[in-house]
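Undergrad: Going line by line, the protein sequences match chains Y and B. Numbered per our numbering, the first sequence spans residues 1 to 458. Numbered per our numbering, the second sequence spans residues 1 to 458.
Derived by calculation from the structure, the hints in this document are not laboratory data. Please note: incorrect hints may appear among the correct ones.
The list makes no distinction among identical chains, and a pair is therefore deemed to hold if it is satisfied within one copy or across any two copies.
In silico lysine-lysine, DSBU-like type, Cα no more than 35 Å apart, as pairs [said to hold, decoys possible]:
{"#": "1", "residue 1": "K35", "residue 2": "K188"}
{"#": "2", "residue 1": "K236", "residue 2": "K35"}
{"#": "3", "residue 1": "K236", "residue 2": "K149"}
{"#": "4", "residue 1": "K347", "residue 2": "K246"}
{"#": "5", "residue 1": "K35", "residue 2": "K246"}
{"#": "6", "residue 1": "K35", "residue 2": "K379"}
{"#": "7", "residue 1": "K379", "residue 2": "K347"}
{"#": "8", "residue 1": "K188", "residue 2": "K220"}
{"#": "9", "residue 1": "K149", "residue 2": "K246"}
{"#": "10", "residue 1": "K149", "residue 2": "K35"}
{"#": "11", "residue 1": "K379", "residue 2": "K236"}
{"#": "12", "residue 1": "K379", "residue 2": "K246"}
{"#": "13", "residue 1": "K220", "residue 2": "K236"}
Number of protein chains: 2
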Amino acid sequence: MLRLDCRFFLIALAAACSTPPPPTAADPLAAARCKQLVERALADNQAITLLGGLLQAAPKRLSGSPGSDAAVQWSLATMRAMGLVNVRAEPCLVPQWVRGEERAELLGQTAQPLRITALGGSIGTPDGGLEAEVVEVRSFEQLRELGEKARGKIVFFNRPMPRALRSVGQAYGEAVPQRSNGAIEAGKVGALAALVRSVTTAIDGNPHTGAMHYDDAVAKVPAAAIATADAEQLAKALQRGPVRMKLVLGCTQGPDVAGANAVGELAGSVTPERIVVVGGHLDAWDLGDGAHDDGAGCIHALEAVRLLQACGIRPRCTIRVVLFANEENGLRGARAYADTHRDELGKHVAALESDSGGFAPLGLTTSLRDEAAAAMQQKLLPLQDANAGTFLTGAGGCGADIGPLHNAGVACFGLLVNSQRYFDHHHTAIDTLAMVNERELALGAAVVAYTLSVLADG
Amino acid sequence: MLRLDCRFFLIALAAACSTPPPPTAADPLAAARCKQLVERALADNQAITLLGGLLQAAPKRLSGSPGSDAAVQWSLATMRAMGLVNVRAEPCLVPQWVRGEERAELLGQTAQPLRITALGGSIGTPDGGLEAEVVEVRSFEQLRELGEKARGKIVFFNRPMPRALRSVGQAYGEAVPQRSNGAIEAGKVGALAALVRSVTTAIDGNPHTGAMHYDDAVAKVPAAAIATADAEQLAKALQRGPVRMKLVLGCTQGPDVAGANAVGELAGSVTPERIVVVGGHLDAWDLGDGAHDDGAGCIHALEAVRLLQACGIRPRCTIRVVLFANEENGLRGARAYADTHRDELGKHVAALESDSGGFAPLGLTTSLRDEAAAAMQQKLLPLQDANAGTFLTGAGGCGADIGPLHNAGVACFGLLVNSQRYFDHHHTAIDTLAMVNERELALGAAVVAYTLSVLADG
C-alpha cells in the first residue's frame, strides 16, 4: 500500500459519514449467488494455493528487480491456465532503486546496533557511512524551531503512529508524513540524514520501509526507518545525554527499466466491450514477501474470476484483471493503464481494487454517492450474510492503482477488510505467507467475486 | 469453548434469521460514549498486558490442576487491584482428569509416529498400551454398518470439519459429535479405542483435544484425537491395505477436588441490588495456554470494567465479573453460580459471555427476540462505527457458562468476533499469547464495555 495512503485517509473520512440504512431485504437469487460463491471459495480453498504460488515464483518483486519480471510471468501463466483471454503484459517504465548494505549503531557509551532499513528512494550515505549526533523531534514544527541546532546532525523523527484511532488507515495517514517528507524537512535545516520511527503501533524489532520523496530545491539527505523498539531505546538514551550514531546506507537509484502490468480478461457474455477492472498491485517492498501487501490483493482478483467461472456465473460485461506494476514507489503502472486505455475509459463500467491485506472482509468502499450509492448498496445486501455488509460511500479512488480511473470518472470500489493487524507487518520482513489465514483470504476473494458479478451485470 | 458447542450452533441458526434493519440513527451521546471507550481501550492497550499476566501466572489451568488455583488467585488479586468490591472465590467441586503419557505409532510396513492427544475425560489404555488394526469411518452410520467387523479394532473417525461453511461455529457443531460421542459408538461395537480426526479445517500437525463422554451402559474405551495432517496420511495408508497401530494413553480420572469461580463487582450507582453478569471461563485445556479459549474472554470482562472506570462511566446496576470454573469439562462453575445465587436470579438484569476468542469484534448475539431485541439493537447502534454492529437475535444462552442463567429467564448476550482463525489453534499447543493481536483484543473489551454500559443502565 502506498506511501501517502490517500485511500485509507479517505476511508476514514467516509466512515464519519453515515450511510443510509439498507432499504429492503436482499433479493433471494442474489443471496443464493453470494452464498454459492462464499461456499465455493471456502470449499476449494484455492486462494492460499495461488498466493503460495506467486510468493514462491517471485518472493521479491520490487519494481525494476529481476523478481518483478518473474511476478509478471507467473501472473500471465496463471491467467492463461485459468482460461482468461487477451492475456498480455502491458509495458511501462519503472524506477530501479536498489537497497544495498544497511546498518546503524549508536557510538560511545551508548554503543549498540540499531535495527534500521533504508526508506525506498533514499540516496546512500557517503562511502564508509556517516557519523553524527542525533536530535529527536516529534513534528516538522519542532524541527523548524530547532533550526540551526539540527545542522550537521541526524534528525530522529519519533512521532508514534496514533494508537487510539480505531481506523488504522487514519492513524497511518497521520504518522506517515514524517516518513514521506522527513528527508526534505531534514535537508532544509542542513541535517545529514533522517531517521524515522517505523509507522506501526506495534512495539517490536522490525523496521518498516516505505516510499519517501525529495524536493529538487532542497539538499538530498539519506533516510532510514528504525524499529519501534529501538526508537523507544534511542529516545531514552537521548534523555540521558547526547548520542552519536553511525549510519551506513548503500542504496542506489539506477535508470528506469522496463516493467509491465499483467492483464487478462473474462469476456463479457452480452456486452464484452464494456469493462469492469479488478486488481491489486504486483510489486512489493523487498524486505518480506509482500504476502498481504499486495500479494493478497492480486490473488483476490484472480481467485474471484476463477470463482465466477467455477460457479457458472457469466457476467454481461468483460471483467479485466489488472495486476499493476509499481504501486509502492511510483504508480507508473496505474498511470500507464489509464494512458494505454484512454480511448476506452468511457466503456469502463467500474474498477475495484484490493490493497488492504488478505484479512477477513468487512465490506466495500466506493466513490459512489447519494442515489447511485444507495442503489448499489441494495445490490450488495447479500454481503451482510458474509459479515461484509459495510458500505462506505464517497470514498474517493478506493485504491491508488485505480485512482487515475476515478479521476476519469469511473465508479470505483475498494475491498474493506479487518486491518487491525495490517500495520504490524506492513513493509517489513514478516509480511509473509505465514501471516495470511487461508479462510480469511478465501472470503475476501468471494466478496470480490460477488461484487464483480453485480458490477458486470449493471 | 465447550464440547457440544450449542452456542455456536444456535448462533448459526440465528444467523439464518434476518434481524430488522436498525430503526434510526444512533443517539449522539451514546455514540460519543462508545467512541470514548474504543479510543481508551486502544490508547491504554491494557488488555494484552492483562492477558499476558494471566498466562504467566497460570499458563496451565485445567480444572483440578494446581494451575487452576493459581488462575483463581491471579483473578482475585487483579480484581482487588482494579478496585472491585465483594471480591471472592465462590467454591465448587470440579473433576480432576490428568493427561499423563500419550503416544501412538503405526506398526509394520507403515511404521511411523502419529501426532495424537488424549481427549479430555478419556480412560487410559491398559499398561503398555494397546495394539490393534485400524478401521476408518466417516460417520456413526458407517460404524454401525461395519458392526462386528469393528470388534477388537481401533475406530478411526475421519469425518473432516466442513470447510465450505462460513460459520466456523456451525462447521464445528457438525463435526464435533465424533469427538464427543465417538468413544461411546466405538464401545457399542466392541472396538478397543476411538481415534478422532481433530476438529479443524486446518491441515497441520497439531492434535486438538476437547471433551468426550461415556455412557455407563456401554463399555468404556480410550479416545484420542489425531492431527489432521496425520489423519490424511493414515487414510492413505488404509487405502493401500490393513494398518496396525499402537496407542498409549496414560490418562487418569481422580476424585473431584475443590475449584472456584472468581467473582468481583463494580457496584451500581443507583440500583446496586440489580446485577449484570459479565464473564468468560477461567479453565482451559492443558496443551496450550488457553490464550484465546478463554483467556481472552476473561480479559474482555476485566478490561471492560476497567474501561468503564477509566472513562468515568458509572452504571446504575452492579456489574458482576464472574470468571467461571470448569467450562471445558463439566460446567460445574456455571451450575454452581446459578445454584449459589438462585435467590438472586430475579435481580439479574442480563448476562454477557465472551468465549469465541480474542479476535476483532463483529457484534453480539442475544437471547432476546422481537420488540425487546429491536429496542436493544437501537441502543447498540453506536457499535456500528466500531464495525461491531452485527446483532443476532434469538440465539439461546449465548455462552455455556451463562446457559443456566438463560434457562432461569435472564436476558443473555454473547460477544461475536471474527472467528475464522479460531479453530486453527482451538484446544491445541498453539493457543498461545502470540496468536492474539493486541488491537483486536482491546476492541473486543471496548465492545463489551459499551454493551455493559447499556445493559446496566436499563
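Undergrad: Each hint should be assessed against the structure and marked as holding or not.
TA: Here is how each hint holds up against the structure:
Neither within a single protomer nor between protomers do K35 and K188 lie at most 35 Å apart by alpha-carbon distance, with minima of 57 Å and 39 Å respectively. In this assembly of identical chains, K236 and K35 lie within 35 Å of each other by CA distance solely across copies; the values are 32 Å between and 54 Å within a copy. Taking CA atoms no more than 35 Å apart as the test, K236 paired with K149 passes inside one copy only; the shortest distance there is 20 Å, against 72 Å between copies. Taking the shortest Cα distances, K347 and K246 never come within 35 Å of each other, neither inside one copy (55 Å) nor across copies (67 Å).
Taking the closest pair of Cα atoms, K35 and K246 never come within 35 Å of each other, the shortest separation being 57 Å inside a single copy and 44 Å across copies. When the C-alpha separation of K35 and K379 is checked against a cutoff of 35 Å, the pair qualifies both within a copy, at 14 Å, and between copies, at 30 Å. Within a single copy, K379 and K347 get their C-alpha atoms as close as 21 Å, which meets the 35 Å cut-off; across copies the closest is 45 Å, which misses it. For a Cα distance limit of 35 Å, the shortest separation of K188 from K220 inside one copy, 9 Å, qualifies, whereas the shortest one across copies, 80 Å, does not.
Taking identical chains as interchangeable, the C-alpha atoms of K149 and K246 lie at most 35 Å apart only when both belong to the same chain, with a minimum of 19 Å there against 75 Å between chains. Proximity of K149 to K35 under the C-alpha cut-off of 35 Å is found in neither arrangement, the shortest distances being 63 Å within a copy and 41 Å between copies. Taking identical chains as interchangeable, the C-alpha atoms of K379 and K236 are never at most 35 Å apart, the minima being 54 Å within one chain and 45 Å between chains. For the identical chains of this complex, K379 and K246 are neighbours neither inside a copy (58 Å) nor across copies (57 Å), given an alpha-carbon limit of 35 Å.
Proximity of K220 to K236 under the C-alpha cut-off of 35 Å is restricted to the intra-copy arrangement: shortest distance 28 Å within a copy versus 63 Å between copies.
The structure does not agree with the numbered hints 1, 4, 5, 10, 11, 12 stated previously, though it agrees with the rest.
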